Amino acid sequence: MDFEIIVESVPNLLNGAILTIELTVLSIAIGLAFAIPIALMRVSRNPALWMPVYGYIFYFRGTPLLVQIFLIYYGSGQFREEFEAWGLWRFFREPYFCAVLTLTLNTAAYTAEILRGAIRAVPFGEVEAARACGMSRGLLYRRIILPKAFRLALPAYSNEVVFLFQATSLVSIITLLDLTGIARIIVARSFAVYEIYIAAAIIYLIVTYGILHIFHRVEYWLSGHLRERAGMALAATGKGAAPAPGAPAADALAVR
Amino acid sequence: MLDLKGYGWMLWEGVQVTLLVGFCAMALALVMGLVGAWGKLSHSKAGRTAADTYTTVIRGVPELILILIIYYGTPTLLQGLLEDFGYDVIIDLNPFMAGFITIGFIYGAFATEVFRGAFLAIDKGQIEAARAFGMSRTLAFRRILLPQVWRFALPGIGNVWMVLIKATALISVIQLPELLRNADIAARAVRLPFTFYFAASLMYLAITIVSMLALQRAENWANRGIRRA
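Line by line, the protein sequences are chains Z and V.
Take the first sequence: its letter number 55 is residue 54 in numbering that gives the first Met the number 0, and every next letter is one higher.
Take the second sequence: its letter number 104 is residue 103 in numbering that gives the first Met the number 0, and every next letter is one higher.
Please note: incorrect hints may appear among the correct ones.
The calculated label-pair distances, taken between Cβ atoms and stated as ranges, are [unchecked claim]:
id	chain 1	residue 1	chain 2	residue 2	range
1	V	N222	Z	A28	38 to 44 Å
2	Z	G124	V	I184	54 to 60 Å
3	Z	E83	V	M96	41 to 47 Å
4	V	L19	Z	M50	32 to 38 Å
5	V	N222	Z	I213	36 to 42 Å
6	V	F84	Z	F149	55 to 61 Å
7	V	I89	Z	T174	26 to 32 Å
8	V	I184	Z	I213	40 to 46 Å
Covered by chain Z, per the in silico footprint, the following chain V stretches (three or more residues, Cβ under 8 Å) [stated by the list, open to error]:
id	stretch
9	62-73
10	170-180
11	197-203
The hints are simulated quantities; they were obtained by calculation from the structure and are not laboratory data.
The model shown is predicted, which means the values in this text are computed figures rather than measured ones.
All C-beta atoms in this analysis are idealised placements derived from N, C-alpha and C, irrespective of residue type, glycine included.
Produce the complete structure using the sequences and hints provided.
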C-alpha cells in the first residue's frame, strides 16, 4: 500500500467530488420540482393524465441508468441535424448537460413513484376532515395532503438522494471528471489502482453517511409532535424508546 | 419497428450473457445475504461487527467504484502480495467472473437486510417449540426458519433482483459482452446509437416485465398455505 500517492491525490479527488456534489444537487432539485406535478398526474383518475406519466415512470425505473445516459448522450448524435435545426445541438453536445438531463429524468421518475406512495398513504380521515371544513381540491392538496405526503416520503426519499449521489459516478463514463472520473485518470497515470479507488470509495462513503445524517436530523426535527408522545409512552412503560407512530426511522439504505 | 441492420443477433446474445451474469450474481447475493443475516442475528460480537461492516461499506460506495476496485485492484493487490513472498505470477481476472462476483457481492449486502427482516418476522415461539422438541439450532434453522423465510423475504428479494439485473449493465465497462456492451459495439459499427441503445433499453424493460410477472406467481406460490382476508 502506497500511502504517499493517496495523500498526494486527495486534493484532486476532492476537486472531483465538487462536481459530483454539484451534479447531485442540480439533478435532485430539478428532479424534485418535476416529480411533484408528475406524482399529482400519476394519482389522477383521468387516463389522459396518468397513462403517459405511468409510461414515463415505468421506462425510467425499468431500464438501467447507464443505458439512459448512453441513449441521451450518444443517441442524440443520430438526430444531430434535427437538433442543429432547432438550435439544441450545443446542449446535447455537452456531456455535462446530458448528464444533468439524464440524472434529472431518472430521479424525477423514482421520486414521483415515492411521492405517489406517500400521497396514497395519507390517512383518509384527514382528507375527509379537510373536505368537511369546506376546503377546495387545491387547498386540500396544498395544506393537507402534500405536507403530510412529504413527511411520509422522507425515509424513502433519503434513500433516493443517496442512490442518485452514488449514481453520479456513471457520468465518468461519458468523460466528465467527477470523483470517479478523476480517480480513473490518476489510476491510468500512476498504476496505483486499489489505493486510489479505495481513497475515492472512502470519500463516497463519508458523503453518503453525511447525507443520511442530514436526513435523520430533518426527520427528527419534523417529528417533534410525535416525539413528545413517544417520550410519555417511554416514561409510562419504562421500556426502550419505541419508534413513534407514523415516524418510521429511516432504515439506512434499503434497495430502491 | 426498429431496424437493427442485421445486428439483432448480437443484442440477443447480449441478453443471454446479461441473464447468465444476473443469475450467477443473484445466486451469490442470496448466499451472501443468508450468511450476512446469520452474522447480523448471531450472538457473536465478531459476527455482528463483520456483517455490519459489510453492509455499511458496500451500501455507501457506488457500484462502479466497487467494480473497478475488484476488477483492476484485486489482481494488482494479489500480485504485490505474492511478489513479497517471492512468487512472480500474473493474475488476470476474467470479466465474467469479476462481473458476477462484484455484482453478487454488492447485492448480497442488500439481500442481507431483506433476510434479516424476514428472519425477524418469523414467530419466535416456533423456534422455542422446535428447541423444546429437542431440535438442535441448525436443525431448527433448516426445518423451521429456512422454509418460511422465503415467504417473508420474497418481495424484498424480488426487488433486489430487479435492481441487480439493471446493475449488470455496469459490467460493460470491463468489456464483458453483455447486452449494453454489444449494443455499444453494434451502435458504433452502423452509426445508429439511438436505435441500438433504445433497442437495448427495451430488452431490459422486457426482462423487468417478465421478472415482475414471475415474481407475482412466486409470491402467490409462497403464500399458498396462508389464508387471506
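Status of the hints after comparison with the structure:
| no. | hint | in the structure |
| --- | --- | --- |
| 1 | V:N222 to Z:A28: 38 to 44 Å | 42 Å, holds |
| 2 | Z:G124 to V:I184: 54 to 60 Å | 58 Å, holds |
| 3 | Z:E83 to V:M96: 41 to 47 Å | 45 Å, holds |
| 4 | V:L19 to Z:M50: 32 to 38 Å | 35 Å, holds |
| 5 | V:N222 to Z:I213: 36 to 42 Å | 39 Å, holds |
| 6 | V:F84 to Z:F149: 55 to 61 Å | 58 Å, holds |
| 7 | V:I89 to Z:T174: 26 to 32 Å | 30 Å, holds |
| 8 | V:I184 to Z:I213: 40 to 46 Å | 42 Å, holds |
| 9 | 62-73 | holds (count 9) |
| 10 | 170-180 | holds (count 3) |
| 11 | 197-203 | holds (count 4) |
Consistency note: the structure conflicts with none of the earlier hints.
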